[in-house]
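Chemist: One letter stands for each residue in the lines below.
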Amino acid sequence: MILDHQEKPLASWTGKDRIDGKIIDCLTIIFKTGGCSWNRCLMCGYKFERHDHKDPLFLKNSIISQLNWISNNYETGKFRLIKIFTSGSFLDPVEVPEDARNEILVRFSDKIVIFETRPEYVNDKVLDEVANLMKQNEPGRNFYISMGLETTNDKIREKCIDKGNTFNDFRNAAEITKKYGAGVKTYLMMKPLFLSEKEAIEDMKKSILESAPYSDLISMNVCTVQSKTEVEYYWKRGAYRPAYLWSVIDVLLNTDCGIHVTCDPVGGGKKRGPHNCGACDYDLVDAINNYSLNADREYLKAHFETDCKCKNEWKFILENERPYGMPLTS
Amino acid sequence: MILDHQEKPLASWTGKDRIDGKIIDCLTIIFKTGGCSWNRCLMCGYKFERHDHKDPLFLKNSIISQLNWISNNYETGKFRLIKIFTSGSFLDPVEVPEDARNEILVRFSDKIVIFETRPEYVNDKVLDEVANLMKQNEPGRNFYISMGLETTNDKIREKCIDKGNTFNDFRNAAEITKKYGAGVKTYLMMKPLFLSEKEAIEDMKKSILESAPYSDLISMNVCTVQSKTEVEYYWKRGAYRPAYLWSVIDVLLNTDCGIHVTCDPVGGGKKRGPHNCGACDYDLVDAINNYSLNADREYLKAHFETDCKCKNEWKFILENERPYGMPLTS
Amino acid sequence: MFEVTKREGPARTGVFSEGELTLNTPCVIDTIETFPSLGTMAYSNIPLYADGEFCGRFLEQQGEFFISHPASPESLKAGSGAAVMVPNWHTVITDPRNYVKWILDMKTRHPPDTMWYAPASALPSNVATLIASGFDLFDYIAVDLKTSQGIFCNPDGEYPADEYLNGGTCGCEGCLKGDLKLHNRIALESEIAKVILRIKEGTIREYLEKQSLNAPNLVSILRFFDREHKFAESSTPVARPIRLYTNSGDSINRPEIKRFMQRVVSRYIPSRTDAAVILPCSARKPYSSSQSHRKYMGAIRDRAHEIILTSPLALVPRELEGVYPAGHYDVPVTGYWDMEERNIIGKVVEDYFTKNRYEQVFVHLDGDAAIIAKDALERAGIEPIFTATGNSPTSHDSIRNLEQAMAGLPRKSHNYIRGMLSWQFGVDVDTSGMIIKGRFGNRKVLKKKTQLFSIENETGLYRPTFEGWEHLAGRYTVSIDDFVPQGDILAPGVIGCDPEIRPGDEVFVKGSKAIATGRASMGSEEMIGSKRGVAVKVRKVKKI
Amino acid sequence: MFEVTKREGPARTGVFSEGELTLNTPCVIDTIETFPSLGTMAYSNIPLYADGEFCGRFLEQQGEFFISHPASPESLKAGSGAAVMVPNWHTVITDPRNYVKWILDMKTRHPPDTMWYAPASALPSNVATLIASGFDLFDYIAVDLKTSQGIFCNPDGEYPADEYLNGGTCGCEGCLKGDLKLHNRIALESEIAKVILRIKEGTIREYLEKQSLNAPNLVSILRFFDREHKFAESSTPVARPIRLYTNSGDSINRPEIKRFMQRVVSRYIPSRTDAAVILPCSARKPYSSSQSHRKYMGAIRDRAHEIILTSPLALVPRELEGVYPAGHYDVPVTGYWDMEERNIIGKVVEDYFTKNRYEQVFVHLDGDAAIIAKDALERAGIEPIFTATGNSPTSHDSIRNLEQAMAGLPRKSHNYIRGMLSWQFGVDVDTSGMIIKGRFGNRKVLKKKTQLFSIENETGLYRPTFEGWEHLAGRYTVSIDDFVPQGDILAPGVIGCDPEIRPGDEVFVKGSKAIATGRASMGSEEMIGSKRGVAVKVRKVKKI
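Residue numbers (the UniProt record's numbering), protein chains in the order written: chain H, 1 to 330; chain X, 1 to 330; chain C, 1 to 544; chain U, 1 to 544.
Isolated chain H, as found in the complex:
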């Protein structure tokens, strides 16, 4: 079963995830693929994590080799949930050749699989194929398609992210997904470039409410400063500041859309990630993580209500940071 040629994926880790109110063991895999065909998003640092070769056969072999590495290095049987990322779209045949894609799906067809794709690759033909490959060995959905909607505001998506698609594209893809019994996991992006702290919060709250009807899971990413991105260019020049953790919690606590919105504040408390003043960051990151997993609103709320010297600053920023005078802090 184990092949000779084994290539390590870009990354892989295990953890717990909350799906449909249950906490289950989860394996996350990031495959090195042909790379995102769009490849223009301003905050995306995965642009360089791709094979230079675009030859489908080469890509297929590489991806399957990575899959084998996973099988060889994890007891895959232990995990109920497999989350698959590439640096682009799992359903993009240029990036992930179809037979490689299918091989992966077959390998994990006894689990819940979540994979990420841009909506333009979600169509009946592909979904039909995918659905057929995934066995239905217990009740409930056994695969989810996650899509980076980022925001429901097309203007922001265009200017601040340069995502190249629309809310409507997402909705269409979501409808197709549902048609095939799969779930939709929606990724939203908190505080991309060019938004004031308040604009970012408002955009996120609105996006959660507006995307919920089309989503089964919602995960809010908080923009971080990744190497060699536009975001980093501006950040280095004092023209971008990642969101305050206060803002993240504000969004999580004060947006009721019926779906438990999860958030993994990557880089939380670091300069390049969502952060406060440094004194309160550790506790708040912890509270957010706890909330994502346990959905314990009260616990998060208690943290939101504790005081820190930076809370005044944050309140001031919300009221006074304007598009023509921002960011006010770093």
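Some hints could be false.
To be verified - Just a few of them, taken from the derived set where beta-carbon distance is under 7 Å, the chain U residues facing chain C:
| id | residue |
| --- | --- |
| 1 | G168 |
| 2 | T169 |
| 3 | C172 |
| 4 | V219 |
| 5 | N247 |
| 6 | S248 |
| 7 | V331 |
| 8 | T334 |
Claimed, not checked - Using C-beta positions, here's what the derived DEER-type ranges look like:
| id | chain 1 | residue 1 | chain 2 | residue 2 | range |
| --- | --- | --- | --- | --- | --- |
| 9 | C | S392 | U | Q291 | 49 to 59 Å |
| 10 | C | G52 | U | I371 | 49 to 59 Å |
| 11 | C | R294 | U | R97 | 19 to 29 Å |
| 12 | C | S392 | U | K230 | 23 to 33 Å |
| 13 | C | I436 | X | C257 | 48 to 58 Å |
Said to hold, decoys possible - For the chain H half of the interface with chain C, some residues (derived, Cβ under 10 Å), not all of them:
| id | residue |
| --- | --- |
| 14 | T262 |
| 15 | C277 |
| 16 | W314 |
| 17 | R322 |
By construction, these hints were calculated from the structure, which means they are not laboratory data. Quick reminder that beta carbons are idealized off the backbone N, C-alpha and C, glycines included.
Once you've looked at the hints, dock chains X, C and U against the given chain H.
Modeler: Okay, now just chains X, C and U, sitting in the frame of chain H:
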């Protein structure tokens, strides 16, 4: 009568002077002599105005020649009063050989003569000789001996002037003078070195009152900054400031000793002489001169009561300038 | 509508008015209250560092302010009188190179009579620099932010409020009440008031040098501006009736000093080149009123051209000793000339003597000054004669030496008129028959009985009469339209002018209906570029 | 009684107490009310410029102050704890040369633990200079005088009250009431409060550089003091846990900078002299945490001794990059090195490489820095190899060049311990077996399992343990009497000490009954000369 050899005195000028309540025409002569034998006073700039020769015959000839220049250049008959200065003492035989002195006295024996000397040269022998030379052609005194008492405070005279004599020396000389029917003209020195403005005023008021019993005339000199003197040394370094004109008037107005104290504020309004702020100086110098001549107290008082921006400063100085923090202005 | 009322380089005072609103600038206000459109600019952020392509796609002109961006198209210009905002200016304050580059780019692109708003930027410690960069309008955002962070602002910097608010360092109402926000706002308002008075007095540069020491980036901003000499120079007054203090190491690069140096080398014409003697300066100004210079002049007795070597002006020919800033500067003296001043001054000496070839050059200097002159003259290919000996140029021996060195040289008075006219107007005037008459404070230049110039006491500048202007070859002319000026000439009336004109310059006004003499209130760029404000204060008008 | 509580060169805070009276200095009070004898000194004036003969005749010690005069006899000394007055000090403020000369004369003559009163001198604009000269007590006379003259005082200077009192430049109670006297007094009090906080923070020098720009004479005073380096250096802390800003042209002459330069040349011992490479500095400190230095170090890979050329510190050997002020300075950067810094820095480079003869010297610099190094090395008789090419030392080509130049050189790690110990204690320690352990923030030097030093995070200084002191050859020892220290060691307990000790130095305390480790609170001169105050903050005591 007019001799060939004629040497110009150091200076000579005509004017009006007030003596015994009358205003009379006056000729002032400053003879170049052998120079002051003491020659140490800190403010005295006449130290260098002397013959290098000390030979009595040379000096006699020079002085008589200067006397001749005066006779030749002024209608001496017009003047009732002759004021004689040397850079030292008229009665010092080393400075003014006796025969030269006598020649001068004889020449002006029909007038009132005032000459200046240090008290140590006033003795019975000389006074007897002088009194005999001066004809008594009208009632009243026909000669006055003026002496630079400067202050009645021996300590100040020693430290601040280095005069080398005492109030007692002065009193003795004044008594001898009176014995020979001559008048005593007392010179006082306002604000020598090392006195604050207030100390200077107080010293002067006290000196006027204390010297009046021994004086027929009192003239108050206000210290000026003369070339190459100790006063100039300190003045250049900001460590001496000549008196305010306000102070001069204060002394004149507020000291009632029964004698009209005159004052010629030499260099008045200039940096090196008594001065105020520059704006009011001209008027005040004028008022002081007027007072000296006309003894018009009201006119002077009116000027003292006018306001100027520097009056506050002066009042402040009087109250706050201390021996350990002075001068406060320049 | 915006009108500049006084210029000190890019710093200025002005009046902005629109309807009921009148702002005397520079000033700090609650901008969003006064300009409500600022509150409706959602999602409009364009960072300063964005490129032209991004600006082109997303920069929208909206609201009450014209929005200026370093990368916006050259063709996009604010109108005269407009309020201009440079969004996010606070983000470039720690980036001196771009700060200065962008100010230059933007300020030269838009008309001078526009009010400039730097949002979220002003602190008591940096507002002098912002104003000196040409900003006029500020808000409370930066100080209020500091308040929210528990930071106490004063004109020196930002400090922990717990130590400073009760530390007795400030006696304002905010401090008395323990109200940090009030203190911080008052501190900013007070600082702006201070800067305004400095602009009015003409001492903003001295203050700027001082305030720049608050932070390394402020020093760098000052230095980058100084490297771009022309930018500030074009609106820096040609003279002021006050002292100029060159206390800082950066003073030598201020526009007035560089301008003086450049004019001495490029404009000034000496009236004799047979012999020059280089003399030390004196603390007293003009030099010739000092004791030391009386000695030198007594020894020289007009047998050589007297040129004073001094820091930071480099060379002051005797004829120019009274003109601003030669008669007005004051500098810390320790006897030590630092290498930077040696270098700059040495270069001027070299250039001057390379251009003006004297047959003989006497150096009557000692110490560092003598070395500077020696090295510079050597570079100019001149072997000078040193006349100061022993301990000091004023010593008996030195003066005797100087006197002996002059032996045999012809006497020729300094031609003050030609020297000054060449320096002030850049022309070589035939001054034969012209003489200076009158006591100090009321000096005039006459030719026969006709007055050509009066000499301004406070600045040393020459003020031409109509007859005087006839000698100045058309320089410093302001062309106006076909009207007869009633009072001062306003900027819109100007149709052209000599590019050399600076605020305070004497100018000749020429139109088809009238000529006039007067003094420029603004520089040539502003005369041409502005639609508001007094261009020339007219002294005399003549219909033609 | 007077006790100094914190020293920043001659500037200090202290407490004066006598009976009911307690003064926290520096301060301004109505001196004549507090010290009534001042009111009874009639006819006692002795100008500062009086000579010794005059002083001898007329200077009387009277009243509550010991009267100090520049010309009074050497033998006349104030007692420890006394209040000292220098009468008429205000008259020398415009005479920088004598000002500094006399301060040096008088301050070295009298004990350090005396309170110094400068009568009639203090204005908001000059009091920083007065305090930095060692004065502690001031009166209101100078500001009240300004009030009487209608002059408004602020920390920048003196101005016409009619413009300033209502000009909005100050929000104090006096200004609000239109009370000039009150304003002027508050301004002085506030300024002193500001200076006190600066002394406490350790930033008085930065403030002094700024405040000196108020007037040419204040700049000259600063410069004359800087020439007398040793005077201020002896009481300047050896390190501070804060940034050091070198914003002014005079910063290069501040005691901390000169001291660093001198120690690098005279004390520091490099651990290899086969090859050195001179590198550019980086804005980020320590340098090795910067991107550029990571590149250089990656290319060098311990095949040469790394030495950083930087303004204003001149040379920073890699081993010293973390120590104060190398890890703490911030400087305005424009890419231009002025001639004065070139000269000073070049001299250090020359001296360093003349003393430490490397077999090969690589210069990995560009622009002005490369020229400075080249010229200095030439003077030291060294022909270096230049490894930076093209546009920048960090360019791909430059880094490759550097890497290639290193080929064949032996790898040898930098000996941080030996480098730092030589610099800090002036000793050459055999460091074999010693290693640095621990994470940043908690680094220690061990030998086998014995800890010899801990490394202070904020300053980079080495803190010896008793075992560590055994390696330091008796340097930095404070000798005490035969007692066992209970808590800190007070000045009277000190019977001798290493003259090199400065405030903040690590010291070894040695007495017949005990030894101790600790940190000096005062410099050696003060330890010996004072009768009050903490001399050494003791960390550990051991009875013997």
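Chemist: Confirm or reject each hint.
Modeler: Taking the hints in turn, this is what the structure says about them:
no. : hint                         : in the structure
1   : G168                         : 4 Å, holds
2   : T169                         : 4 Å, holds
3   : C172                         : 4 Å, holds
4   : V219                         : 4 Å, holds
5   : N247                         : 5 Å, holds
6   : S248                         : 6 Å, holds
7   : V331                         : 6 Å, holds
8   : T334                         : 5 Å, holds
9   : S392/C to Q291/U: 49 to 59 Å : 56 Å, holds
10  : G52/C to I371/U: 49 to 59 Å  : 37 Å, violated
11  : R294/C to R97/U: 19 to 29 Å  : 24 Å, holds
12  : S392/C to K230/U: 23 to 33 Å : 29 Å, holds
13  : I436/C to C257/X: 48 to 58 Å : 55 Å, holds
14  : T262                         : 26 Å, violated
15  : C277                         : 9 Å, holds
16  : W314                         : 9 Å, holds
17  : R322                         : 7 Å, holds
Violated hints, in rising order: 10 and 14; the structure is consistent with all others.
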